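Colleague: Residue numbers for the sequence shown follow numbering that gives the first Met the number 0, so the first one is 0 and each next one is one higher.
These are calculated hints, taken from the structure and not from any lab test.
Since no wrong hints were added, every one of them can be taken at face value.
Derived DSBU-like pairs: lysine-lysine, alpha-carbon spacing no greater than 30 Å straight-line:
#1 K50 with K149
#2 K45 with K92
#3 K149 with K166
#4 K50 with K130
#5 K123 with K45
#6 K149 with K44
#7 K123 with K166
#8 K92 with K132
#9 K86 with K130
#10 K166 with K132
#11 K130 with K149
#12 K157 with K130
#13 K130 with K166
#14 K132 with K86
#15 K44 with K132
#16 K130 with K45
#17 K50 with K157
#18 K149 with K132
#19 K50 with K132
#20 K92 with K166
#21 K157 with K123
#22 K123 with K92
#23 K132 with K45
#24 K130 with K92
#25 K86 with K149
#26 K44 with K123
#27 K166 with K45
#28 K149 with K45
#29 K45 with K86
#30 K149 with K123
#31 K44 with K130
#32 K86 with K123
#33 K44 with K86
#34 K157 with K132
#35 K86 with K166
Simulated restraints, written as ranges between beta carbons of each label pair:
#36 L60 with D181: 32 to 40 Å
#37 Y65 with E161: 19 to 27 Å
#38 L25 with V90: 20 to 28 Å
#39 A19 with R152: 43 to 51 Å
#40 T182 with V104: 22 to 30 Å
Because the structure is a prediction, the values reported are computed rather than measured.
By construction, the Cβ of each residue, glycine as well, lies at the ideal position given by its N, Cα and C atoms.
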Amino acid sequence: MSIPIRGASRKGTFFGVVLAVFSLLLVIIVFGGAYYFIIQPQLIKKPFMEKPGLSEQALELAGRNYLVLNSSHFSYLANEIGAYKLKGGLVSKDTPEIEFVLTDVGASFSVFVEENVPSGVRGKAVNPDIKIKGRQLIAIEVLESRDILKAVRAQLDKNALEVELLKDMRVLADKGYLALWDTIR
0 MSIPIRGASR KGTFFGVVLA VFSLLLVIIV FGGAYYFIIQ PQLIKKPFME
50 KPGLSEQALE LAGRNYLVLN SSHFSYLANE IGAYKLKGGL VSKDTPEIEF
100 VLTDVGASFS VFVEENVPSG VRGKAVNPDI KIKGRQLIAI EVLESRDILK
150 AVRAQLDKNA LEVELLKDMR VLADKGYLAL WDTIR
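Let's have the full structure, built from the sequences with the hints guiding it.
Modeller: Here is the structure:
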């Protein structure tokens, strides 16, 4: 036999509602924080990088399939498209690595991002996350433009540049590539 206690059910309901609201707020804070700080980092300041120059004969030499670009051009380009936001993730601790491939001259450049600073070297990437392919003349055109992001978007729209995803989407999101993609799209 049970004895009804006045107000007991209201207290249980009130406690349940408070617990549900608290749980919902906690979930929003955790997932919102994860999105804001991990997937789409907003608080990272873009490092200054001097724009590397091109020789006056760069277009002419590139038109004859001579390699006129070097690793500093690709470090700068990576910085301008937002690679400074990339980081070693929680899923994969590997350093973010982007490989740029110049299809017309057969040259590759690898750009690593360490402590939010892109740094390039000539040669094929060992373990790239993404690969960006295009002709050297397109890269020169992008580098010479006043608005690099607008130029990259235009070349992507014309399919003159190709972005190949080489890692699982979870790994790419964890390293911050969604922020880079949102920047260039």
